[in-house]
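*Asks:* So the sequence lines, in the order shown, correspond to chains A and B. Under UniProt numbering, the first residue of the first sequence is numbered 1, with each subsequent residue one higher. Under UniProt numbering, the first residue of the second sequence is numbered 1, with each subsequent residue one higher.
One should not assume that every hint holds.
The list cannot tell twin chains apart, which means a pair is met if one copy fits it or any two copies do.
Unchecked claim - The list that follows gives simulated cross-link-like pairs (lysine-lysine, DSS-like), each with its CA atoms no further than 30 Å apart:
1. LYS148 with LYS159
2. LYS102 with LYS159
3. LYS102 with LYS174
None of these hints come from the bench; they were simulated from the model.
Number of protein chains: 2
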Amino acid sequence: MRDAYHEELDTLTDRLVEMTRLVRSAMSRATTALLDSDLHLAESVISQDEEVNRLYAEVETSIYEVMATQQPVAVDLRTVISALRMASDLERMGDLAEHIAKIARLRHPESAIPASLRDIILEMGQIAERLITKTGTCIATRDVELSKELESDDDAMDKLHRRLFRILLSPDWKYGIEAAIDITLAGRYYERYADHAVRVAHDVVYLVTGSRQEA
Amino acid sequence: MRDAYHEELDTLTDRLVEMTRLVRSAMSRATTALLDSDLHLAESVISQDEEVNRLYAEVETSIYEVMATQQPVAVDLRTVISALRMASDLERMGDLAEHIAKIARLRHPESAIPASLRDIILEMGQIAERLITKTGTCIATRDVELSKELESDDDAMDKLHRRLFRILLSPDWKYGIEAAIDITLAGRYYERYADHAVRVAHDVVYLVTGSRQEA
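Sequences and hints are given; from them, build the entire structure.
*Replies:* See below:
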């Protein structure tokens with residue numbers, strides 16, 4: 001009985017890691033769709049978000065099963081409850097990638113991103129991918145040290161986010177209101193995506209150490 | 001033992017209701033601060049978000065205690081797990097009110113909201129308050145019917161949000177990029193606040209009926 005139970009907990013972890021893969025791929029495609037105004041890619045992100053939601057529902061169901069049939073305590077209890085929070089954050093990250101893809105779709109065949117901002121958006125996308133890749137490794141390995149690395153990636157994201165605003169607000173801005181709104185929202189989505197990645201990593205620290213960090 | 005346990009569950013519910021009161025008050029003050037450029041009020045929202053976070057931590061701790069010391073099943077298990085999700089959504093609603101207050105603070109002594117948009121923002125604020133008030137009643141009374149009412153309030157919020165964008169994008173827009181960015185973000189915060197209120201109400205439906213609705 002006890003063995004089947006730990007297998008169930010492992011499956012839970014596998015599903016969370018799988019969720020990180022899906023939302024990493026979604027963000028990678030969303031960024032390319034946004035930069036290249038690639039409608040096909042944007043549509044793929046939007047339609048495949050369903051898969052993330054399905055995995056989330058599966059994680060939730062299996063958590064209820066574990067809770068109802070076993071009596072997890074100590075680290076196992078923390079694992080199960082943290083899994084619930086992580087799955088919720090990861091599901092939200094899928095939504096944020098989808099929102100970015102929707103901006104790309106809305107402006108197609110135009111690009112929502114003026115040429116002079118492509119570099120920043122590309123870098124925000126790369127940091128987002130780096131973050132979620134590390135988050136996945138954190139979940140799989142429970143590496144508390146790695147989770148600290150995410151903080152500096154998140155700082156880099158915040159810096160780019162602020163730079164984006166400075167450019168939008170500079171007197172040289174010549175792309176009008178619509179582009180400013182698109183970029184304001186896209187910037188916000190990248191920044192929130194990073195925040196959620198950090199929260200998930202903090203949950204890994206919590207489940208390993210039992211002490212909670214600020215998200 | 002069983003009685004103390006149910007008292008603990010009641011305390012959990014009380015704390016969630018208290019959280020709805022705090023984030024309602026925060027949103028109410030944030031909206032006034034935004035519309036009247038009231039720095040004092042904005043600061044009060046920002047400094048008091050700590051209280052929401054503290055309540056969230058308390059809810060989390062007591063959930064772990066209940067899980068570790070009791071073995072909640074069926075509706076009790078759903079109550080406890082839902083409480084965790086609800087507290088997380090409510091905590092986030094406090095953050096969103098704080099973000100709105102920060103826009104007010106950033107633009108003080110100017111107002112971030114041009115006169116012609118005051119009505120829409122006021123209405124978004126009122127819908128937000130109506131939503132969270134109903135959410136609080138939902139949690140306290142477990143009234144599944146009431147939770148359905150939140151959907152139409154949320155629809156009204158989405159409509160206002162779209163109207164806001166139409167105004168920003170109209171050729172008559174004369175308030176520049178900075179105001180457009182402020183309003184884009186504020187609009188997003190109100191809309192997200194409403195989404196979270198609906199999610200919490202859905203969690204009430206879930207804990208009562210055991211079946212999950214789309215958020």
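*Asks:* All hints are to be evaluated individually against the structure, with a verdict given for each.
*Replies:* How the hints compare with the structure:
1. LYS148 with LYS159: within (18 Å within a copy, 41 Å between copies)
2. LYS102 with LYS159: both (24 Å within a copy, 18 Å between copies)
3. LYS102 with LYS174: both (23 Å within a copy, 27 Å between copies)
Violated hints for the displayed structure: none, as all numbered hints are satisfied.
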